[in-house]
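Trainee: Sequence:
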Amino acid sequence: MKFIKTSVLLALMAIASISINAQFKLAQWPALQTFHGVMSETFHPSEAGKL
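Residues 1 to 51 in the numbering used here are what the sequence shown lists, from first letter to last.
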């Protein structure tokens, strides 16, 4: 039983670590604002039917 609890705890810690690491890398992406600008210029008009 202790082995199962330890395994579950380690798995949860690994998942949390991966999630936090992904958010950190996204925050340091230098072209994020440029990417967002291009995506919003194309997505929002298509959303309104103005292609």
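Derived by calculation from the structure, the hints in this document are not laboratory data.
Heads up, some of the hints might be wrong.
Just the calculated beta-carbon pair ranges, DEER-fashion [claimed, not checked]:
(1) F3 to E47: 49 to 57 angstroms
(2) F3 to Q28: 32 to 40 angstroms
(3) G49 to I18: 49 to 57 angstroms
(4) S7 to H36: 37 to 45 angstroms
(5) S46 to L10: 43 to 51 angstroms
(6) G37 to A14: 44 to 52 angstroms
(7) M1 to E47: 20 to 28 angstroms
Beta carbons are placed, not taken as given, at the ideal position from N, Cα and C, and that holds for glycine.
Trainee: It remains to establish, for every hint, whether it holds in the given structure.
Mentor: So, going through the hints one by one against the coordinates:
no.	hint	result
1	F3 to E47: 49 to 57 angstroms	holds (51 angstroms)
2	F3 to Q28: 32 to 40 angstroms	holds (38 angstroms)
3	G49 to I18: 49 to 57 angstroms	violated (39 angstroms)
4	S7 to H36: 37 to 45 angstroms	holds (40 angstroms)
5	S46 to L10: 43 to 51 angstroms	holds (45 angstroms)
6	G37 to A14: 44 to 52 angstroms	violated (35 angstroms)
7	M1 to E47: 20 to 28 angstroms	violated (53 angstroms)
Hint check: violations occur at hints 3, 6 and 7; the rest are consistent with the structure.
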